[in-house]
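Undergrad: Now for the letters of each chain:
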Amino acid sequence: MFEEIIRNVREKSPLVHSITNYVTVNDCANTILACGASPIMADDQNEVEEITSICNALVINIGTLNERTIKSMIKAGKKANELNHPVVLDPVGAGASSLRTKTTFELLENIRFAVIRGNVSEIKTVYKGSGTTKGVDADVSDAITEENLEEAITFTKELSRRTDAVIAISGAIDIVADKNKAYVIRNGNALMSRITGTGCMLASLIGAYCGANPDNILDAAAAASSVMGLAGELAFEKLRKVDGGTSTYRTFLIDYISKIDEKTLNGGIKIEIR
Amino acid sequence: MFEEIIRNVREKSPLVHSITNYVTVNDCANTILACGASPIMADDQNEVEEITSICNALVINIGTLNERTIKSMIKAGKKANELNHPVVLDPVGAGASSLRTKTTFELLENIRFAVIRGNVSEIKTVYKGSGTTKGVDADVSDAITEENLEEAITFTKELSRRTDAVIAISGAIDIVADKNKAYVIRNGNALMSRITGTGCMLASLIGAYCGANPDNILDAAAAASSVMGLAGELAFEKLRKVDGGTSTYRTFLIDYISKIDEKTLNGGIKIEIR
Amino acid sequence: MFEEIIRNVREKSPLVHSITNYVTVNDCANTILACGASPIMADDQNEVEEITSICNALVINIGTLNERTIKSMIKAGKKANELNHPVVLDPVGAGASSLRTKTTFELLENIRFAVIRGNVSEIKTVYKGSGTTKGVDADVSDAITEENLEEAITFTKELSRRTDAVIAISGAIDIVADKNKAYVIRNGNALMSRITGTGCMLASLIGAYCGANPDNILDAAAAASSVMGLAGELAFEKLRKVDGGTSTYRTFLIDYISKIDEKTLNGGIKIEIR
Numbered sequence: 001m002f003e004e005i006i007r008n009v010r011e012k013s014p015l016v017h018s019i020t021n022y023v024t025v026n027d028c029a030n031t032i033l034a035c036g037a038s039p040i041m042a043d044d045q046n047e048v049e050e051i052t053s054i055c056n057a058l059v060i061n062i063g064t065l066n067e068r069t070i071k072s073m074i075k076a077g078k079k080a081n082e083l084n085h086p087v088v089l090d091p092v093g094a095g096a097s098s099l100r101t102k103t104t105f106e107l108l109e110n111i112r113f114a115v116i117r118g119n120v121s122e123i124k125t126v127y128k129g130s131g132t133t134k135g136v137d138a139d140v141s142d143a144i145t146e147e148n149l150e151e152a153i154t155f156t157k158e159l160s161r162r163t164d165a166v167i168a169i170s171g172a173i174d175i176v177a178d179k180n181k182a183y184v185i186r187n188g189n190a191l192m193s194r195i196t197g198t199g200c201m202l203a204s205l206i207g208a209y210c211g212a213n214p215d216n217i218l219d220a221a222a223a224a225s226s227v228m229g230l231a232g233e234l235a236f237e238k239l240r241k242v243d244g245g246t247s248t249y250r251t252f253l254i255d256y257i258s259k260i261d262e263k264t265l266n267g268g269i270k271i272e273i274r
Numbered sequence: 001m002f003e004e005i006i007r008n009v010r011e012k013s014p015l016v017h018s019i020t021n022y023v024t025v026n027d028c029a030n031t032i033l034a035c036g037a038s039p040i041m042a043d044d045q046n047e048v049e050e051i052t053s054i055c056n057a058l059v060i061n062i063g064t065l066n067e068r069t070i071k072s073m074i075k076a077g078k079k080a081n082e083l084n085h086p087v088v089l090d091p092v093g094a095g096a097s098s099l100r101t102k103t104t105f106e107l108l109e110n111i112r113f114a115v116i117r118g119n120v121s122e123i124k125t126v127y128k129g130s131g132t133t134k135g136v137d138a139d140v141s142d143a144i145t146e147e148n149l150e151e152a153i154t155f156t157k158e159l160s161r162r163t164d165a166v167i168a169i170s171g172a173i174d175i176v177a178d179k180n181k182a183y184v185i186r187n188g189n190a191l192m193s194r195i196t197g198t199g200c201m202l203a204s205l206i207g208a209y210c211g212a213n214p215d216n217i218l219d220a221a222a223a224a225s226s227v228m229g230l231a232g233e234l235a236f237e238k239l240r241k242v243d244g245g246t247s248t249y250r251t252f253l254i255d256y257i258s259k260i261d262e263k264t265l266n267g268g269i270k271i272e273i274r
Numbered sequence: 001m002f003e004e005i006i007r008n009v010r011e012k013s014p015l016v017h018s019i020t021n022y023v024t025v026n027d028c029a030n031t032i033l034a035c036g037a038s039p040i041m042a043d044d045q046n047e048v049e050e051i052t053s054i055c056n057a058l059v060i061n062i063g064t065l066n067e068r069t070i071k072s073m074i075k076a077g078k079k080a081n082e083l084n085h086p087v088v089l090d091p092v093g094a095g096a097s098s099l100r101t102k103t104t105f106e107l108l109e110n111i112r113f114a115v116i117r118g119n120v121s122e123i124k125t126v127y128k129g130s131g132t133t134k135g136v137d138a139d140v141s142d143a144i145t146e147e148n149l150e151e152a153i154t155f156t157k158e159l160s161r162r163t164d165a166v167i168a169i170s171g172a173i174d175i176v177a178d179k180n181k182a183y184v185i186r187n188g189n190a191l192m193s194r195i196t197g198t199g200c201m202l203a204s205l206i207g208a209y210c211g212a213n214p215d216n217i218l219d220a221a222a223a224a225s226s227v228m229g230l231a232g233e234l235a236f237e238k239l240r241k242v243d244g245g246t247s248t249y250r251t252f253l254i255d256y257i258s259k260i261d262e263k264t265l266n267g268g269i270k271i272e273i274r
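Heads up: the protein sequence lines correspond to chains B, Z and V, in order. Per the working numbering, residue 1 is the first one in the first sequence, and the count goes up by one each step. Per the working numbering, residue 1 is the first one in the second sequence, and the count goes up by one each step. Per the working numbering, residue 1 is the first one in the third sequence, and the count goes up by one each step.
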């Protein structure tokens with residue numbers, strides 16, 4: 001599954017423009033490189049249009065947004081839309097402050113997104129127009145479980161219909177869906193929430209995959225989510241052998257992003273279509 | 001020792017708001033996660049009050065301060081004071097430039113700090129009102145030794161009396177004191193000064209520990225300092241087995257922060273009350 | 001070779017001021033520490049002159065430049081020139097946007113650089129006054145090979161004559177030259193381009209080496225390039241033994257920067273004078 005998607009990333013080595021937060025930006029750049037793509041970070045208003053023009057995809061992450069960078073996000077997003085480059089939104093902390101919620105909607109009004117990726121609390125904020133996200137982590141009460149999965153799929157498809165974007169919800173169970181079709185992915189490991197940036201890294205990976213597969217956004221986003229989840233599992237298995245902690249886990253996670261190929265993915269992917 | 005302090009961090013998983021420098025921010029976020037707490041970094045004036053309101057503690061680190069973020073620090077600090085959230089100050093490089101020294105005093109005038117953590121040169125700058133810090137590292141001439149320890153404890157207690165904050169001085173010998181009581185901690189390893197961010201990481205850890213133990217700030221700060229020091233020792237022991245260098249050491253250091261529990265700490269802590 | 005250069009870094013432990021991008025800043029700080037020097041990052045206009053005054057070298061990296069930091073770069077650079085501190089320029093992405101190209105030339109007009117370090121596309125942009133850099137990576141068509149090496153050396157020496165700076169081009173084959181003499185260095189490993197920041201880290205290392213060897217800039221820059229290349233080779237050898245990926249490679253790379261001494265360098269350096 002997703003063989004061509006992955007091969008395209010490696011062969012086309014897309015250039016990914018990111019306007020992102022300064023907390024996890026290094027992990028994002030290394031993730032993009034690990035999968036075979038190439039990153040460029042640029043956030044000044046005077047260059048974002050030009051930079052995004054030479055790229056194949058744009059990732060907007062509002063993790064440490066400020067007035068200056070919000071303007072750059074909008075400028076870059078509009079230019080990427082003009083050029084039909086896929087644009088990925090990671091609404092980090094939407095619901096945690098009115099600035100983040102407001103900015104998320106300002107971006108949605110001005111930019112056509114190919115993919116919106118977030119944890120379930122962030123995506124619910126986008127769905128409802130308001131939220132009570134606890135910081136940058138998902139609320140426990142929001143978590144997608146086997147019990148509420150059906151309902152979650154319905155609302156994800158509905159949000160995709162409304163935004164015309166593929167919606168990717170990350171958590172113990174991932175949902176990646178457009179208005180008609182949902183992938184449910186059960187890869188991953190709980191330790192992924194004990195390091196910073198796994199969400200941001202996934203958004204970057206989705207950006208790289210979409211940049212190499214602009215005509216197959218749903219599968220690109222689902223493939224990236226699967227690779228990230230499987231990398232999280234394999235990293236955990238290796239971690240146990242070396243008796244490491246959370247920082248070694250982060251290293252192994254990016255290692256596996258650089259090592260997973262079509263065959264490894266096929267051997268480990270736990271995916272279902274709904 | 002400190003069993004309840006550590007258990008509280010794990011059980012309450014406090015949310016820690018940080019306004020910090022972009023050099024070590026990723027290590028700070030991963031340190032907060034490693035100990036069982038949750039980080040959020042936000043520095044825009046339009047959201048810092050709201051963000052700090054949903055948190056349990058605030059850490060202000062002036063490592064790469066600028067006009068924009070200084071305003072945010074003051075806004076966030078005042079709001080955290082209003083809500084009685086513990087606020088930690090890390091006056092990185094105070095004494096190295098007049099901007100840093102001036103900002104440190106501006107913050108001290110406007111915000112009531114629960115803990116002020118720095119190397120001995122930074123803390124001496126706070127004490128004297130001026131300083132000659134060599135960059136972001138402590139001056140050798142300032143170092144706390146067994147010879148000047150008594151004197152150092154006296155000045156630390158005196159500074160605590162003046163600022164009404166717990167003072168945490170990090171170095172080969174750590175002192176963590178309020179006006180009446182000083183913990184002297186002899187954990188740690190010299191290699192900690194060969195990687196960037198051990199001071200910033202400790203300030204973050206203190207923030208997490210204080211967020212979970214707001215009624216016991218002195219012990220929270222001392223426990224965090226002990227854990228950091230012991231992690232530095234255990235990381236060094238492990239490093240020797242794998243013949244690694246400074247970057248592996250950084251990884252192991254954060255690993256141990258994620259692995260040290262009450263029992264490990266009790267087995268390794270070298271602490272004295274003065 | 002370069003024994004004294006390396007010994008000076010360790011013995012003088014120069015303080016290096018960096019105004020750099022937020023993507024790789026942590027790696028840059030850790031690289032500076034790894035080689036035995038000391039980093040300070042500061043980019044606010046109100047302190048850069050004072051900070052650079054207490055340092056031994058300044059590194060300017062335009063990786064995520066913006067209007068605010070460009071002003072700080074010029075202020076800091078002029079002050080460092082006044083004090084005769086070596087200043088290193090890393091024109092990241094020059095040629096990829098007109099802002100980056102324009103800023104590179106603005107910096108060159110206002111500041112006297114000791115070393116200009118870039119990939120071949122960035123350096124060609126400096127040479128020609130315009131360029132078509134693909135993002136922050138070198139264009140394949142620009143690559144220095146055994147076939148065009150002679151020509152590349154000639155243009156590097158010519159650019160050194162024009163700028164009065166040592167020119168350091170990094171790639172599969174490195175050239176480090178002043179107007180009269182070129183070092184050709186064949187150390188390194190292809191995996192270095194699969195992690196972010198190896199170029200930035202090298203510019204930081206050059207800054208540290210020049211700070212400790214202000215009277216021997218050419219050899220300092222060549223020694224730093226050799227150490228970085230050899231670290232890349234040794235890291236790759238070790239990586240194969242642990243079956244790691246790109247993130248472990250980054251860790252090992254910095255590890256070796258902290259471990260390579262005069263003897264190791266002499267055993268592995270592949271250098272030629274032209």
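Watch out, some of these pointers could steer you wrong.
FRET-style restraints, in silico, Cβ to Cβ [claimed, not checked]:
no.	chain 1	residue 1	chain 2	residue 2	range
1	V	154	Z	241	46 to 56 Å
2	V	3	Z	143	50 to 60 Å
3	Z	190	V	54	44 to 54 Å
4	B	164	V	53	35 to 45 Å
5	Z	110	V	54	21 to 31 Å
6	Z	54	B	274	28 to 38 Å
7	Z	143	V	54	16 to 26 Å
Derived by calculation from the structure, the hints in this document are not laboratory data. No residue lacks a Cβ here, since even glycine has one placed at the ideal position from N, Cα and C.
Undergrad: Taking the CB of residue 164 of chain B and the CB of residue 53 of chain V, does the distance hold inside 35 to 45 Å?
TA: violated (55 Å)
Undergrad: Indicate whether the distance between the beta carbons of residue 54 of chain Z and residue 274 of chain B respects the range 28 to 38 Å.
TA: Check passed, 34 Å falls within 28 to 38 Å.
Undergrad: Can the suggested window of 46 to 56 Å be confirmed for the beta-carbon pair residue 154 of chain V and residue 241 of chain Z?
TA: holds (50 Å)
Undergrad: Take a look at whether the Cβ-Cβ distance between residue 190 of chain Z and residue 54 of chain V falls inside 44 to 54 Å.
TA: Given about 23 Å between the Cβ atoms, the range is violated.
Undergrad: Would you say the C-beta atoms of residue 110 of chain Z and residue 54 of chain V sit inside 21 to 31 Å of each other?
TA: holds (27 Å)
Undergrad: Does the Cβ-Cβ separation between residue 143 of chain Z and residue 54 of chain V fall within 16 to 26 Å?
TA: holds (19 Å)
Undergrad: Can you tell me whether the CB distance of residue 3 of chain V to residue 143 of chain Z sits inside 50 to 60 Å?
TA: Given range 50 to 60 Å: violated, Cβ gap about 30 Å.
Figure legend: structure checked against the earlier numbered hints; hints not met, in rising order: 2, 3 and 4.
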